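Protein chains: 2
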Amino acid sequence: MKAGLTIALDAMGGDVGPAVVIPGADIAAERHPSVRFLLVGDESKIAPVLARHPRLAKVSEIRHAEVAVAMDDKPSQALRRGRGKSSMWMAIDAVRNGDADAAVSAGNTGALMAMARFILRTLQGIERPAIAAVWPTVKGECVVLDMGATVGADARQLIEFAVMGEAMARSLFGLERPTVGLLNIGVEEVKGNEDVKEAGRLLRELSLPIQYSGFVEGDDISKGTVDVVVTEGFTGNVALKTAEGTAKQITAFLKMSLSSSLLSKIGAFLAQGAFRALRERLDPRKHNGGVFLGLNGIVVKSHGGTDALGFATAVDVAIEMVETGLVKKIAEDVAQVHAILAPAAKAAE
Amino acid sequence: MKAGLTIALDAMGGDVGPAVVIPGADIAAERHPSVRFLLVGDESKIAPVLARHPRLAKVSEIRHAEVAVAMDDKPSQALRRGRGKSSMWMAIDAVRNGDADAAVSAGNTGALMAMARFILRTLQGIERPAIAAVWPTVKGECVVLDMGATVGADARQLIEFAVMGEAMARSLFGLERPTVGLLNIGVEEVKGNEDVKEAGRLLRELSLPIQYSGFVEGDDISKGTVDVVVTEGFTGNVALKTAEGTAKQITAFLKMSLSSSLLSKIGAFLAQGAFRALRERLDPRKHNGGVFLGLNGIVVKSHGGTDALGFATAVDVAIEMVETGLVKKIAEDVAQVHAILAPAAKAAE
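Protein chains in written order, with my numbering: chain Y, 3 to 351; chain U, 3 to 351.
All clues stand as given, with none of them false.
Since the list gives no way to pick out one identical chain from another, each pair is judged satisfied if it fits inside one copy or across any two copies.
For lysine to any residue, the following SDA-like pairs were computed, each having C-alpha atoms within a straight-line distance of at most 20 angstroms:
1) Lys193 x Leu81
2) Lys348 x Arg158
3) Lys76 x Gly86
4) Lys193 x Ser78
5) Lys225 x Asp285
6) Lys76 x Glu190
7) Lys225 x Leu284
8) Lys250 x Val140
9) Lys193 x Arg119
10) Lys193 x His305
11) Lys257 x Gly226
12) Lys288 x Ala310
None of these hints come from the bench; they were simulated from the model. The structure displayed is predicted, hence computed values, not measured ones.
Looking at chain Y on its own, in the form it has when it is part of the complex (with noise of 0.2 angstroms):
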């Protein structure tokens, strides 16, 4: 079946699964002729919508399922119901067998991490896996992570995740040398706290191979100011959720504003394409795909509540970091780092 890529889809993901994930499938195929996929999940649900996308049909296999992981299930639940038999565990398996080159799921992030990294393992050298955004800024886009797979991460963690960060940027944005910044609630050396620190600290006084750019704050992300921000999960989970509540917020104002007198009504129809630009530039539709990275395969995350488009969106993702060759470019810049940070390590004892 090599020859081009295959992706494997847990068809049963997400708020709606099959009825979401196959025509999302259909656009992906669309836009990547080359490109199978393995769609993974209950036969009888599968069969009938694929029926309907011929294109699709014709570059798929369906390999069936028995057990949907629900979009409630704890982590722990999901492993215990879900192994060996869920379309999300084997959706991820056939990345470790081969039969796939990267897993999109739109299923419940909690579950999908913990599935990942049981079945792919972290890569060697990396503590801890991260979710990884890409985030709108006024200049383009920006690296965000980690979006919720590791509370707390400490200075060593989050080192790796600016390894991790830097490589997926070179491979989607096409940079040699893409800018880190480090998250903070202010630029000087002594604010934050002891891991943001300490992780400064290293990032600064050791040569490693990132274009460090210092400590960035919260209204850096969508400045774009670096290319690449790093942070612990917690924070990461909730700067994203309330840059998402603000854009909502914001729009609903000027919904508002716009609908208060008559003028405003016309003026409003008038820039009508203007205000479908706006919509556009804020889809979140676009900047669908949340990707698990430090793991020996790439896993991409959907958005539970998207349509076709956003799904098709996580499926791009998925291919543009198999196609850059992401996890080769992360294991060996991890070595390299190890490389550094080891001798050093020792030396400060």
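Fit chain U to the known structure of chain Y by using the hints.
Same frame as chain Y, but now just chain U:
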């Protein structure tokens, strides 16, 4: 000098000092005719500006201070250089000795908090202070704390923050039973770090006099899901700045879109009333004023780069906190909560 309230202003604080503080105080003087002001700072710089504001001059007194804390002074530096003789120190000290009922400064946050803690001390039963911000939501406003005073607050400190934020929401919004949420990366009990989980457990299980609504996520802040959002200082600071950055980003996107075609420009012209309403709604000057909670006195931090209108808002906040007896409310509530917490901790041993 009593009878009415007296507010001490650090006239040298902020990016430009008296040129913003004095006109700002003048606006506040118009809004609150019975309030008196103690203008602390370099008399030779305050007097000429004050001469142009006769209304303020009538209700003000200048207290000369030799030193002005710089915006980039480290807290330790500010304490060393500014102890006893800086405008910031003397404004806070006026609260301690009863010459003023509250102090407002647009000076550097770290120095202001260090001096406020040193001079006013934390309230009995409060381990660490917090900085609370008033955050605009789609429903109205909520109180969010901590904005960076206490990085890495533990469970007990988070509960103290909940108590203080709840008292502030009662004062500021006139609510009898404000709802309180703990900021987390999911609403399930198993989510988050140990401190947040433990604080959540205590708030759920003990019958504290707080309307606890459970965990909330980043996007719940702007949704207005609860009246008070509690988190430790690192996350709170990042969330606030991320939201500010996102608001600026969307405004920039909106401007770009509206100027992209002639039709859009005409539409924007017709709808200018709506955009003015939106701008007003998002105006950061209307939400200026970080309240220092947990000290024996009220200190309000104004944004350093704000203008007179923004500074006047911070003064409004200080006056409201004094008038509603915030410090006394917090002291009473904390005593009540510790009366419940202490036996519970003992029973758990």
